[in-house]
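Colleague: The primary structure of each chain is shown beneath.
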Amino acid sequence: MQQGIQTADVNAAPMTRGPSRRIFWTIPLALLGLPFFLNDYTQYVVNLALVYVLVGVGFNIVLGNLGQLAFANAAFYGIGAYATAILMHHYKAPLLLAIGAGSIAGGLAGALVCLPVLRGIRSFYLAIITLAFGELMRWVYVNAESWTLGSMGLHVPRPVLFGWVLATEKQKFYLFIVIVTLLIAATANLLRSRVGRAFMSIRDNEHAAASMGVPTALYMVLAFAWSGFVVGTAGALYAVLVRQVSPEAFNLLELIVHFGIVIVGGLGSIAGSIVGAIALTMAPELLRDLPGYEELLIALMMILVLLFLRGGLVTLLERVTSLFRQIYYRD
Amino acid sequence: MLAQLLVSGVAQGALYALVALAMTVIYRATTVINFGHGDLVMAGAFLVYLLVVLAGAPFLLSASLAVVLLFALGVAVYKGLIRPIMAGPHLALAMMAVAVGYALRGLARLVWGREVLPFPKVLPQGTFMVGPVILAPSDLIVTGAVIATVAILAVVFYATPLGKTAQAVFQSERGAALVGINVSAFQSTMWGIGAAMAALGGILIAPVTLLYPDLAAATLIRAFAAMTLGGFGSFLGAAVGGILLGLSELLVGAYISSKLIDITAYLIIIGVLLIRPSGLFGRQTIVRV
Chain A
0 MQQGIQTADV NAAPMTRGPS RRIFWTIPLA LLGLPFFLND YTQYVVNLAL VYVLVGVGFN
60 IVLGNLGQLA FANAAFYGIG AYATAILMHH YKAPLLLAIG AGSIAGGLAG ALVCLPVLRG
120 IRSFYLAIIT LAFGELMRWV YVNAESWTLG SMGLHVPRPV LFGWVLATEK QKFYLFIVIV
180 TLLIAATANL LRSRVGRAFM SIRDNEHAAA SMGVPTALYM VLAFAWSGFV VGTAGALYAV
240 LVRQVSPEAF NLLELIVHFG IVIVGGLGSI AGSIVGAIAL TMAPELLRDL PGYEELLIAL
300 MMILVLLFLR GGLVTLLERV TSLFRQIYYR D
Chain B
0 MLAQLLVSGV AQGALYALVA LAMTVIYRAT TVINFGHGDL VMAGAFLVYL LVVLAGAPFL
60 LSASLAVVLL FALGVAVYKG LIRPIMAGPH LALAMMAVAV GYALRGLARL VWGREVLPFP
120 KVLPQGTFMV GPVILAPSDL IVTGAVIATV AILAVVFYAT PLGKTAQAVF QSERGAALVG
180 INVSAFQSTM WGIGAAMAAL GGILIAPVTL LYPDLAAATL IRAFAAMTLG GFGSFLGAAV
240 GGILLGLSEL LVGAYISSKL IDITAYLIII GVLLIRPSGL FGRQTIVRV
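From first to last, the protein sequence lines are chains A and B.
The first sequence begins at 0 in numbering that gives the first Met the number 0 and counts up by one.
The second sequence begins at 0 in numbering that gives the first Met the number 0 and counts up by one.
Be careful, since some hints might not be right.
[Claimed, not checked] Computed list of chain B residues with no C-beta within reach of chain A, every gap over 12 Å: (1) 57; (2) 80; (3) 88; (4) 89; (5) 109; (6) 114; (7) 117; (8) 120; (9) 134; (10) 144; (11) 162; (12) 217; (13) 266.
[Claimed, not checked] The calculated DMTMM-like cross-link candidates involving lysine to aspartate or glutamate, where the alpha carbons are at most 25 Å apart (straight line), are: (14) B:78 with B:138; (15) B:163 with B:138; (16) B:258 with A:247; (17) B:258 with A:144; (18) A:171 with A:39; (19) B:258 with A:253.
Please keep in mind that the hints were generated in silico from the structure rather than gathered at the bench.
Here a beta-carbon is modelled for each residue, glycine too, at the ideal position from N, C-alpha and C.
Generate coordinates for the entire structure from the input sequences, incorporating the hints supplied.
Modeller: Structure representation (structure tokens):
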């Protein structure tokens, strides 16, 4: 019996380390050629999709892997965007420093939002308190006028990377693809590790995890902080991409889009977040001149996935190829 | 000044109480928090707007029609979308509610576009004085409607067979099913009632404020604050919490800063959940690991 299990493990190891590890650099490398086929507007949409890929990947950690119903994602996104925008607008900070500050601000916000979790607040109660936190942040953006310039919004100066001006969408794309790839690879490694499995043990049964010696409080803080870090980076990239940061960009509707990305793509799957981000960025761009259709389309996708495709669009992809399957990540 | 604030605060709070009560009905019946409830409120108000302004129907007829339609919508949403995934995780249920709300918003915007709509003046205008306090007939009507709703709910839940069913289902769905209660039919009725109450709330709120796209979000969060303050799942708590929220918004606005009115609800949610998560009349909700 013991013997049999060991043989199975030896056989399984190469399968999980083979193709699924290589895609972290083969796919981004292949994408480097993408700008040659795009015009300025389609390139902008692709860049926006990259921003939302990070939003989805970060949100999924808390929602899909840790299994906590937290509604503060739009707040992490906004805090990252504002941190970057404030540093670049008021202090003329260099680009990478400003983006890094956005990431760290997002991570700190994640750790802060985790406080009620440590206090023992879960499920719907956590959802409501984090929702209140998000709306509170929006009030702060409007009222901390000396920093955020209120509801008018903050203009972000033209990004300059080591003396090289990122004037076009194509130039921004190369910066974005590097940052997004690094963060996705880091997140995938984190989730494959002991830490990631601890997240999932908390999701599946918190009491059981604690009784097995998993320091649940520590891992909760870690998951929230890393989620905030990734989403904060997404916010920073959003500020660089759009170059205008205003409170309305981080309201409840933005949060619903974030939820849509994770649910439609696939809970607890990195590949799912990417699929979801692409689906929910591209589709509304096609419908943007028709008010109402965007909401209907996103809502319809969410309803259909929740009813008929638990696991999200990524399960369709997994039927075609095993390349994106993450056997550790899902139940 | 203070008397005036108290009267206006109660009138404002009665509206929050109504929406919070509607959410409590759904929560008690199905243990689902309806995150799309704000959009049901908006849908009720919007239907009346369509019927009164575009179709020229009389107000009372339109209002009744909107309430009936929302009842049907609530039943349909429960049967078609919520019931099939009831066995699933909380997250899926919350997301389904969000998606339904988002779809309603999309439907409204097909007609609405991006405008803020002035709601027709359907309630009597003008004011009169009682001692030092200025009263508006619309405030009295709104508060009266809320009190009547609370009274009807109290009678239904504590003095009718339906109320006994509600208590049984709330204690144990399985147990209730075993003694022959049709749990599914009961729960869909409760979703219908919750949605109809949301429509009523919307019809009463919209003439006071305006019909604007963020109405749904603002209403939802204030209802959450009322429920949290009063204690989740408690009818009395939702009613008292709503009134207290209305009062505190006006008092904070008058005595501290009008900028703080918008965030009173958020601060109440955060404060109550951190300090006393069970609220005033609720049950213990803390998880200890």
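Colleague: Please go over all the hints and tell whether each is borne out by the structure.
Modeller: Here is what the structure says about each hint:
no. : hint             : in the structure
1   : 57               : 28 Å, holds
2   : 80               : 6 Å, violated
3   : 88               : 8 Å, violated
4   : 89               : 5 Å, violated
5   : 109              : 4 Å, violated
6   : 114              : 10 Å, violated
7   : 117              : 19 Å, holds
8   : 120              : 27 Å, holds
9   : 134              : 31 Å, holds
10  : 144              : 26 Å, holds
11  : 162              : 24 Å, holds
12  : 217              : 9 Å, violated
13  : 266              : 7 Å, violated
14  : B:78 with B:138  : 36 Å, violated
15  : B:163 with B:138 : 34 Å, violated
16  : B:258 with A:247 : 17 Å, holds
17  : B:258 with A:144 : 13 Å, holds
18  : A:171 with A:39  : 11 Å, holds
19  : B:258 with A:253 : 24 Å, holds
Violated hints for the displayed structure, listed by number in ascending order: 2, 3, 4, 5, 6, 12, 13, 14, 15.
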